[in-house]
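Note that the protein sequences, when read in sequence, are chains A and B. Following the numbering used here, the residues of the first sequence are numbered contiguously, the last one being 601. Following the numbering used here, the residues of the second sequence are numbered contiguously, the last one being 601.
Derived by calculation from the structure, the hints in this document are not laboratory data. Each hint should be verified, as a subset may be incorrect.
Listed below are the simulated DSS-like cross-link pairs for lysine-lysine, each with C-alpha atoms no more than 30 Å apart in a straight line [to be verified]:
no., chain 1, residue 1, chain 2, residue 2
1, A, 206, B, 359
2, A, 562, B, 206
3, B, 562, A, 564
4, A, 206, B, 562
5, B, 576, B, 562
6, A, 206, A, 418
7, A, 564, B, 206
8, A, 576, B, 562
9, B, 562, A, 562
10, B, 372, A, 372
11, A, 562, A, 576
12, B, 418, B, 351
13, B, 576, A, 562
14, B, 418, A, 562
15, A, 206, B, 564
16, B, 359, B, 348
17, B, 206, A, 576
18, A, 206, A, 287
19, B, 326, B, 380
20, A, 564, B, 564
21, A, 372, A, 418
Covered stretches of chain A (chain B as the covering partner; in silico rule of three or more C-beta atoms under 8 Å from a C-beta of chain B) [stated by the list, open to error]:
no., region
22, 231 to 239
23, 460 to 466
None of these values were measured; they are calculated from a predicted model. Backbone N, C-alpha and C fix where the C-beta goes; we use that ideal spot for every residue, glycine too.
Listed here are the chains, written in short residue letters.
Number of protein chains: 2
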Amino acid sequence: MTHTEQQSNSSEIRFGVNADYLIINGLVVTMDAEYRIIENGAIAINDGEIVELGYTSDLIEVYKARHLIDAKGKLVIPGLINTHTHSPMTIFRGYADDLQLREWLFDHIFPVEAQFVNSENVRTGTRLAIAEMLLGGTTTFNDMYFYADEMAKVVDQVGMRAILTESLIDFSAPNNPTPEHAMRTSEALIAKWAGHPLITIGVSAHAPYTTSAKVIKGGKELADKNGVPFNIHVAETKGEVEFTQKEFGLSPVEYLESLGVLGSNVIAAHCVHLSPTDIDIFAKRNVGVAHNPQCNMKLASGVAPVPAFLQAGVKVGIGTDGVASNNNLDLFDEIRSAAFIHKLHNDDPTVLDARSAFEMATIGSARVLGMEHLIGSIEAGKRADIVIVDLDQPHAHPVYNIYSLIVYSMRGSDVETVLVDGRLMVYKRKLVSLDLGRLYQKVDSLARRIAESSKILAYSNNRIRKI
Amino acid sequence: MTHTEQQSNSSEIRFGVNADYLIINGLVVTMDAEYRIIENGAIAINDGEIVELGYTSDLIEVYKARHLIDAKGKLVIPGLINTHTHSPMTIFRGYADDLQLREWLFDHIFPVEAQFVNSENVRTGTRLAIAEMLLGGTTTFNDMYFYADEMAKVVDQVGMRAILTESLIDFSAPNNPTPEHAMRTSEALIAKWAGHPLITIGVSAHAPYTTSAKVIKGGKELADKNGVPFNIHVAETKGEVEFTQKEFGLSPVEYLESLGVLGSNVIAAHCVHLSPTDIDIFAKRNVGVAHNPQCNMKLASGVAPVPAFLQAGVKVGIGTDGVASNNNLDLFDEIRSAAFIHKLHNDDPTVLDARSAFEMATIGSARVLGMEHLIGSIEAGKRADIVIVDLDQPHAHPVYNIYSLIVYSMRGSDVETVLVDGRLMVYKRKLVSLDLGRLYQKVDSLARRIAESSKILAYSNNRIRKI
Chain A
135 MTHTEQQSNS SEIRFGVNAD YLIINGLVVT MDAEYRIIEN GAIAINDGEI VELGYTSDLI
195 EVYKARHLID AKGKLVIPGL INTHTHSPMT IFRGYADDLQ LREWLFDHIF PVEAQFVNSE
255 NVRTGTRLAI AEMLLGGTTT FNDMYFYADE MAKVVDQVGM RAILTESLID FSAPNNPTPE
315 HAMRTSEALI AKWAGHPLIT IGVSAHAPYT TSAKVIKGGK ELADKNGVPF NIHVAETKGE
375 VEFTQKEFGL SPVEYLESLG VLGSNVIAAH CVHLSPTDID IFAKRNVGVA HNPQCNMKLA
435 SGVAPVPAFL QAGVKVGIGT DGVASNNNLD LFDEIRSAAF IHKLHNDDPT VLDARSAFEM
495 ATIGSARVLG MEHLIGSIEA GKRADIVIVD LDQPHAHPVY NIYSLIVYSM RGSDVETVLV
555 DGRLMVYKRK LVSLDLGRLY QKVDSLARRI AESSKILAYS NNRIRKI
Chain B
135 MTHTEQQSNS SEIRFGVNAD YLIINGLVVT MDAEYRIIEN GAIAINDGEI VELGYTSDLI
195 EVYKARHLID AKGKLVIPGL INTHTHSPMT IFRGYADDLQ LREWLFDHIF PVEAQFVNSE
255 NVRTGTRLAI AEMLLGGTTT FNDMYFYADE MAKVVDQVGM RAILTESLID FSAPNNPTPE
315 HAMRTSEALI AKWAGHPLIT IGVSAHAPYT TSAKVIKGGK ELADKNGVPF NIHVAETKGE
375 VEFTQKEFGL SPVEYLESLG VLGSNVIAAH CVHLSPTDID IFAKRNVGVA HNPQCNMKLA
435 SGVAPVPAFL QAGVKVGIGT DGVASNNNLD LFDEIRSAAF IHKLHNDDPT VLDARSAFEM
495 ATIGSARVLG MEHLIGSIEA GKRADIVIVD LDQPHAHPVY NIYSLIVYSM RGSDVETVLV
555 DGRLMVYKRK LVSLDLGRLY QKVDSLARRI AESSKILAYS NNRIRKI
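Just chain A, same shape as in the assembly (with noise of 0.2 Å):
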């Protein structure tokens, strides 16, 4: 019997049903199709899945949970999904910031990259970025990077649920000399991974600028043959632009296109200098985009035509980028950029809503992801990936409209609970499964490494002296 039926066939008594958690009592933001918003609802959840939304006065006489989440006067949405990040930069937050674009890559990013990415450093950045999503309610991220046999490690032992890939470039990375000897190592941890409940191995190009064409079509085919997603950072600045115009008389999407690589399990990052004919080429392929309004910002790379996707059809999720440019993980406070940046660019402050907003960091990022069918909104069926968010704050008071409250209000300090995949990850602001001071002290000692050896002062650019 689906639940369809059980919930229709009134006259059947249920009782004692067995679950693994009951959430009662919240104001549910389902994000479902219809918007549906239910208060006092209740999920219950088992074997890491929503089995059961409803009123709390019906699923508490039904459900016999082993936990019982009360979530009075609380929020609950569904986690929130970050569609771009390099997670293991967090080592790097703060290094080099206020730089021309180029000056902060070429002089600062890849030196100190060249030097201090290895695997333990790669699991102690990934090891703190997850920390922090966790904490801010992300509980799915899509990353490129380095080492993603490293960064899966650290996923599968403190439990989230991640897209992770090696970076394909024509320079030589610090895993890996060739883009070939990535592909190599993206093939065999697609395999090694495969099956994992939340880890997905996919395969990332780096750009259209630094990557050639034949290892880019060779990446998106690795992908296709295991139905796997491929990644893709996309006209990020002019200068790349620029760049394809000069090479190949064509716009970057145009060249990606000639090449045959666009397709619905694309997730294109950026995407700030797209034409018309560029969008439309992305809603006829069913591209995804990762839209990062901060880093776009923060670094002077301009705004992506976010309205004409989401008006073309185009699937667009939200990403942070990596925190060397950002400088945080907090989705709460990428989607309040986003909202603003688009009111401001198109002189019109009914651009991107609050509902549209919060659309992209939920069931939109999962779109982009392809992982719509299991995450991304709070029904029956799918994984129980879900945030409690409190209230008891004065910035959350009053409330006259949720997803108002939620986007201009909120920040990922009011997470209050996370799940992951029925796993019970943060409880009253706390990580479950992780010893923060030990990873703060490694962090920080690995920080005070990469200042000396790159002759910075810790808290350069001030001056220090006695008094």
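Given chain A, put chain B in place with the hints provided.
Here is chain B on its own, set in the frame of chain A:
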């Protein structure tokens, strides 16, 4: 003997000096003229004043403090300063978002204000704003609204530093049927609250497009006569510039200059659409600008030319505006948005670096309010408005540059301890002198009445239905 002489006189032995508070072991970000940052810093506070600043190892030998606050592993920063807000409007947080400015103001905000702005509700809204501001590290705010006397009563009772004003406007305001009445109210309140250690009653004229020349001039004269600040909204929208051009053949700034009302006690809010000539006038007259980046984005008003202000030597502080258009009072969030938007707008990521952004919320804002001799930096002789920020969070690790950390990573919720005028207002993230539970009940019940009366559903724009 001055403080400097005391320090330089190493042969003198001091001990047992009384202090109300001694903050020790902090990483003190002074924001003084030399931007000193003191590791293992200590601050001695007595009678509301910072009496000495130095190293913990030194000060701990000298002072016999009634209260010792250990800031080990934490940042100690000057209290943040909000140069432009309408604090009672917290009761309308999220009431009307994602609308055209005119529709938002005339169809939603003005009608609901006409119905619900009264003494009691102003007290409730002010109390909620103060709770939010204090918890987020704001210790001073500059307000223009109605019922300034009621705001002052709450500020006095709770304990915050504030400039409070009645808005002079050519409409009938809730408590003032005419601008002349508002002028008399202002004058009476200036006298009533004169000499209060934390409260200054200033004067406000709403804006060039809503307030007659006569009233603007009268307001400025009243402010000058009493040596208090004079607030006015200036060039927030293109429409306002078109209005003054059409009516007077002048820009809003030129118009105010022609009235002879610009001077060093003028706080001009928004200042989005200013020409180079306007900026020169502001520089010449030493006018202070209250910059509200988030509100200007959310209402699609535009981007104020802040880098040009700073280059011209115009004083610039940060403001949130009221939460009906923002929708929170988090100044960390606001300075992050400021840094982001000016980089993007100027196509240059080096614009408004982290330290400059933080300066806007501290000593920069103090200069705008004419209070730089009292607040805005941690220096001996200034009032003890001090904020201690917790770094025990993933997003606060690692630290390479303190200003980057504050501006690009932190948020109001990281504030742990707040002193205003040497009085403990927030301790371990809890308000010392405000009962939030009772306040929330009052706010929420008022919001229900507002929602019902406006025939909007609470949770409007969302469908709430039985599933």
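We went through each hint and held it up to the structure:
1. 206/A with 359/B: This hinted pair is violated, its Cα atoms lying about 54 Å apart.
2. 562/A with 206/B: Holds, at about 24 Å.
3. 562/B with 564/A: holds (16 Å)
4. 206/A with 562/B: holds (24 Å)
5. 576/B with 562/B: holds (25 Å)
6. 206/A with 418/A: violated (45 Å)
7. 564/A with 206/B: Holds, at about 21 Å.
8. 576/A with 562/B: holds (26 Å)
9. 562/B with 562/A: It holds: about 16 Å lies between the C-alpha atoms, which stays within 30 Å.
10. 372/B with 372/A: holds (29 Å)
11. 562/A with 576/A: Within the cut-off at roughly 25 Å; holds.
12. 418/B with 351/B: The hint holds at about 19 Å.
13. 576/B with 562/A: holds (26 Å)
14. 418/B with 562/A: Violated: residue 418/B and residue 562/A sit about 54 Å apart, past 30 Å.
15. 206/A with 564/B: holds (21 Å)
16. 359/B with 348/B: Holds: residue 359/B and residue 348/B sit about 16 Å apart, inside 30 Å.
17. 206/B with 576/A: Holds. Residue 206/B to residue 576/A sits at ~18 Å (cutoff 30 Å).
18. 206/A with 287/A: violated (36 Å)
19. 326/B with 380/B: Outside the cut-off at roughly 40 Å; violated.
20. 564/A with 564/B: It holds: about 18 Å lies between the C-alpha atoms, which stays within 30 Å.
21. 372/A with 418/A: Roughly 24 Å between the alpha carbons, so the hint for residue 372/A and residue 418/A holds.
22. 231 to 239: holds (count 6)
23. 460 to 466: holds (count 5)
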